[in-house]
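In this text, residue positions in the sequence shown follow the numbering used here: the first is 5, and each later residue adds one.
Keep in mind the hints are simulated off the structure, nothing from the lab.
A couple of the hints might just be wrong.
[Claimed, not checked] Quick list of the computed label-pair ranges, beta carbon to beta carbon:
no. : residue 1 : residue 2 : range
1   : Gly20     : Gly78     : 27 to 33 Å
2   : Gly78     : Ile9      : 27 to 33 Å
3   : Asp57     : Ala12     : 29 to 35 Å
4   : Arg15     : Asp57     : 28 to 34 Å
5   : Lys7      : His64     : 21 to 27 Å
6   : Thr24     : Asp57     : 27 to 33 Å
7   : Ala86     : His64     : 25 to 31 Å
8   : Val96     : Ser23     : 16 to 22 Å
9   : Thr45     : Asp71     : 25 to 31 Å
10  : Ser23     : Asp57     : 16 to 22 Å
Computed from a predicted structure; not experimentally measured.
Ideal Cβ placement from N, Cα and C applies to all residues, glycine included.
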Amino acid sequence: MTKVIFSAGLRQVTNGERSTELLAEPPTVSGYIAALDEQYTGFADRVIDAQGDQPEISRHFNIYLNDEDVRYLGGLATVVAADQELAFLIAVAGGSA
Numbered sequence: 005m006t007k008v009i010f011s012a013g014l015r016q017v018t019n020g021e022r023s024t025e026l027l028a029e030p031p032t033v034s035g036y037i038a039a040l041d042e043q044y045t046g047f048a049d050r051v052i053d054a055q056g057d058q059p060e061i062s063r064h065f066n067i068y069l070n071d072e073d074v075r076y077l078g079g080l081a082t083v084v085a086a087d088q089e090l091a092f093l094i095a096v097a098g099g100s101a
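Could you build the full structure based on these sequences and the hints that come with them?
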């Protein structure tokens with residue numbers, strides 16, 4: 005079973021839930037997003053940019069698999085094994101000098 009964590013910005017879509025565990029183990033990050041979209045309507049629309057030839061992770065979100073950014077692991081095709089942790093976090097930028 006894989007634990008999925010949501011940042012505060014996604015909780016309006018996840019009915020306030022901070023995390024969930026999926027019984028079914030989709031083999032890839034893309035599969036997890038599809039499964040989460042079935043559970044939380046609109047989830048995929050928030051984290052996926054479907055414009056262009058291939059869907060991509062929205063630039064407004066980071067997805068981590070056990071503290072590793074999936075963009076550097078294989079993107080949406082990254083394989084997720086059982087008992088790993090998948091975190092969907094809003095990208096944060098800015099600050100002051």
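Item checked: Satisfaction of the hinted span 27 to 33 Å by the C-beta atoms belonging to Gly20 and Gly78 -> holds (31 Å)
Note to self: Does the beta carbon distance between Gly78 and Ile9 stay inside 27 to 33 Å, or does it fall outside?
What the structure shows: Taking Cβ atoms as reference, Gly78 and Ile9 lie about 20 Å apart, which means the hint is violated.
Checklist line | Whether the CB-CB distance between Arg15 and Asp57 falls inside 28 to 34 Å | finding: holds (32 Å)
Item checked: His64 and Lys7 - C-beta distance against the hinted 21 to 27 Å -> Hint holds: Cβ distance 23 Å, inside 21 to 27 Å.
Next item on the list: Indicate whether the distance between the beta carbons of Thr24 and Asp57 respects the range 27 to 33 Å.
Entry: For Asp57 against Thr24, whose Cβ atoms are near 31 Å apart, the range 27 to 33 Å holds.
Notebook entry, point to check: Ala86 and His64, beta-carbon distance inside 25 to 31 Å?
Noted result: holds (29 Å)
Margin query: Looking only at beta-carbon atoms, does the pair Ser23, Asp57 fall within the given range of 16 to 22 Å?
Written below: With Cβ atoms ~33 Å apart, the hint is violated.
Margin query: Please check whether Val96 and Ser23 have a Cβ separation lying inside 16 to 22 Å.
Written below: With a Cβ separation near 19 Å, Val96 and Ser23 satisfy 16 to 22 Å, so the hint holds.
Checklist line | Consistency of beta-carbon spacing, Ala12 to Asp57, with hint 29 to 35 Å | finding: About 32 Å separates the Cβ atoms of Asp57 and Ala12, which means 29 to 35 Å holds.
Check: Per the hint of 25 to 31 Å, is the separation of the Cβ atoms of Thr45 and Asp71 within bounds?
Finding: holds (29 Å)
Checked against the numbered hints listed earlier, the structure breaks hints 2 and 10; every other hint is satisfied.
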